[in-house]
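Novice: Residues per chain are reported as follows:
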Amino acid sequence: MTGGDPKAPALARRLLEAALPRGSRTEAMLGDLEEEFAARVRTGGRRARAWYWREAFLLASRYTFTRWSDPRDGRALDPRPGGGGGMLETVWADVRYSARRLVRSPLFTGVAVLSLALGIGANTAIFSLVNAIVLRDAPYAEPDALVDVYFQTPGFTHGVLSHPDFRDLIDASAGVFSGLAGSQLTLVQADAEAGVRLLTAEAVSGDYFGVLGIRPLVGRLLGPQDDVAPGAHPVVALSHGFWERRFGSDPGIVGGELRLGGRPYTIVGVTPRDYHGMIRGLEPEVYVPLMMYEALLPGSNTLTERRNHSLFAKGRLMPSAGIVQAQGLLDRATNDFRARYPEAWTESDALVAVPTTDVIMNPMVDRVLLPAAGMIMVVVGLVLLIACANLASFLLARAADRRREIAVRIALGAARGRIVGQLLTEAVMLALVGGAAGIGLAAWSLRLLLTADLPLPLPITIDASLDGTVLSFSLGVSVAAGLLFGLAPSVQATRPDVSGTLRDEAAASGRGRGARLRDALVVGQVAVSVVLLVAAGLFLRSLDASRRVELGFGGPPAGIVELVLPAERYPGPEAMAFLDRLEERIAGLPGVRSVGATSNLHLNPTSTTTSEFVIEGVAPPAGQDFHSVDFARIDGGYPASAGLRIVEGRGFTAADGPDSEPVVIVNEAFVSRFFPDGDVLGRSIRQTDEGEVTSVGVMATARIRQIGEDPRPFVYGNLRQSRPTFVALVASTTVDAERTALAMFDEARSLDPEVMAYSTGTMERHLAVMLLPRRLGAVVVSAFAGLALILATIGLYGIVSHAVSRRVREVGIRLSLGADAGDVTWMLTRSGIRLVVVGGALGLTVSAVVARLIGRLLFGVPPLDLVTFLGVPALFAVVATVASWVPASRATRVDPVAALRSE
Amino acid sequence: MGRDGYLGDLEQMLLLAALRLGDDAYGTRIMEELRSAVGRRVSRGSVYVTLDRMEEKGWIESSMSGPRPERGGRPRRVVRVTAEGVAELRKSREALLTLWDGLEDSLETP
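Taken in sequence, the protein lines are chains A and B. Under the working numbering, the residues of the first sequence are numbered 1 to 903, in order. Under the working numbering, the residues of the second sequence are numbered 1 to 110, in order.
Hints are computed from structural coordinates only; laboratory data are not their basis. Be a bit skeptical, because a hint or two may be false.
As the list claims (entries may be wrong) - Among chain A residues calculated to face chain B with C-beta under 10 angstroms, some are:
{"no.": "1", "residue": "ALA8"}
{"no.": "2", "residue": "GLU34"}
{"no.": "3", "residue": "ALA38"}
{"no.": "4", "residue": "ARG62"}
{"no.": "5", "residue": "TYR63"}
{"no.": "6", "residue": "GLY252"}
Note that CB positions come from ideal geometry on N, CA and C, so glycine has one too.
The following block holds chain A by itself, in its conformation from the complex (with noise of 0.2 angstroms):
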């Protein structure tokens, strides 16, 4: 434990809680041991933590048996004789007695467990982040009233609503809607011990919380009469995450002082543990009201600007109203707002609802989310079901070495069923210990996730805790995997063929049924591993294509700070003034070479920019009369310290001032899309909110929106000439550009301490935001296929070692016959391969479809790539030897009389 508060053992906890009812009661109870384990960790934190968990468990049981016996009962726990009996018992015998058999073999129970360890293991944590993402119901109150109000226009089909068209629609929705709940998300600066520090802070309307239903956890939350007036209201409820981590959960907050933006905010209350916002997937730290939004953000135009989209809405209907109620009004809205804004209003825009319970994020999110989950979900069922194949695989192999000892079982009188029930008994042991270990592994491997410091556009917050559906999950596939491939193994063994067996010495050489079905079984293994390690080869194949492509940007290290400069602040002039003094100090800066600042860097994911332009003698597009074009704002530095290139005619010089001639820059692909004759430098193109502009250079196009897009056109406008509000300062340097970046934000500190940065950081993590999905689906999808390669390999180094050891008499009499050690080394190695080679094969076939289904997602690579279609086979041929040489090898050493007397 370093620093901080210890926390007590969040698994633990988590346990607990779904062990016990839900209530205040067992809230009370967590506290107690809470207030207790705080006391005890000064004394010892390991200790301390031991303690919390003997307690839970006993605790959780304690109760779970309460519950299934009288409630008024206080000695439900008391052995009462005579009662119960029958059944219970016989479970309770079958149970022991496994326990006893898998504690006396713990290599067998070792590889067992820890095979459905890995696959239990994978499937909670994916499952976990599924029902993080997709499962888990937002607490609303009766989510069956609620309903999504979306912006729809051609090439949206779900948008957000402007905030004057969110308060027309809150005035025209009487008898339809009780009430309309809006939100959006922004980033707000608070101030921080040291320095100052961005929070996720969801802007809401005054009737959100009423509209939801969600009630405080402490003092109030925000309502009608703190969103008036614009400005007016300097209030902010907390989140219950962001209440635990910077106040401790400190209730004498309410009435306390939180400053965002530069300004005093009374907090009024705290939401409650289960509410995380909204938006899914985007947890606010705070929220605020609506109306603080634009002096939050100074010089947004979000409260009045009709053409500016922000606003998440739900609406809640009232008793008499449904859904076709709720569309009729949206349609009629939509047919006033087309008459009275037709500047905002076009023919094709209109409103449209969904209910909230038919949505995860956004149905057009939903379109691509559900697809992913499922396929991910697919994936480690796949890995799951390897490792279930290695279960009854083992299981079979002990079933045929125990085949003489059930058969006099059953000769002496044994009930079938109950040795089949003991068998089963035991895989179900052994697939919930491993389902226990699985958990813990998930646990484990979730917190490194969730943890890592990923280079994320947005600050995503996914609660992916073990709750109860996730616990229930995995306890429930567990048990299941446990019956269902320990049922054939069971049934197997106990084949009534008992005087068959019991003098059949031939059942020692064990190639009976069983054996050709765990031969199946490793077969299906490979090929299910194979087709998992070629979609990761793919994968990783496409996201080195993307790594390889050349950007046209960003080539240089170099620091990267985003200063937003608002007007009140910084009116007319003064905001280039700012800028070109701190250019000056940056330049000054050990290590820079060169300095830059533009309105918004290439390949961000969060926003691109355009503008519109009028080129003489290039129709544009049916239906406009102007050309929208990537524009982006640059000055004189920028292109050197970003890495773009100028091949023709000059960049921006100090002599282009605000009083001379507007000037811009455009890109190669502008040139020859609008340009054709290549003849651009000097001629002037008109910009419809700026007019006349001179193109006076030519830039190497780079790439703008995304790695793999064509050449786009794009437009660099002179931030010179305009009043820059957002800037991106970008400084190449020779040093370590994490340390230039800071170095960068304190001279803008010392020059204004209260100027306002949205974030420091470098271009390299930057750039690595727009690999992030590629990187990351690269790594889990190799990470599941290694896995299933383990776990393929367990399976087939236990078959071949088993098979070994059934024939170590025949190896014996071949080795004292004079058989060459290698010969029988081979001879028993080749048994393994013959299943490779026939999994491997069957595997390719299939990966040929899979490769051509996932196509879409690769970049660069072909479906049938031959690096990975060669690659994968070799990388099993030699893992498969290896899993077959080892224990048929260590079969040849043993001495021949040793062997011959065996048996």
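Chain A is already provided as a structure; the job is to place chain B on it using the hints.
Specialist: For chain B alone, coordinates are given in the frame of chain A:
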């Protein structure tokens, strides 16, 4: 639990501890009190289950305090012995005293 309407021994101890603690009578403190006053260690589960049962019988009432930071933002369940609870205590005490009557001398510590 009182087979014939008398309090069980854990019940008595819990009620007495709650009375001694007054406003501070919640799970952790009650268990501490039993440990420090009479050296009795009881399992956490028995304490909660017994408190639940006594509340059902109306011998105690409980109220939840506000969330507290030292308890991970969780409330305390503070119990208060009701008039019925006190009556039960008295009944048990009198029964015991009656039975003890006259035995004090002969059971004097040797």
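Novice: Compare the structure with each hint and give your call.
Specialist: Hints versus structure:
no.	hint	verdict
1	ALA8	holds, 7 angstroms
2	GLU34	holds, 4 angstroms
3	ALA38	holds, 6 angstroms
4	ARG62	holds, 3 angstroms
5	TYR63	holds, 7 angstroms
6	GLY252	holds, 9 angstroms
Figure legend: structure checked against the earlier numbered hints; every hint is met.
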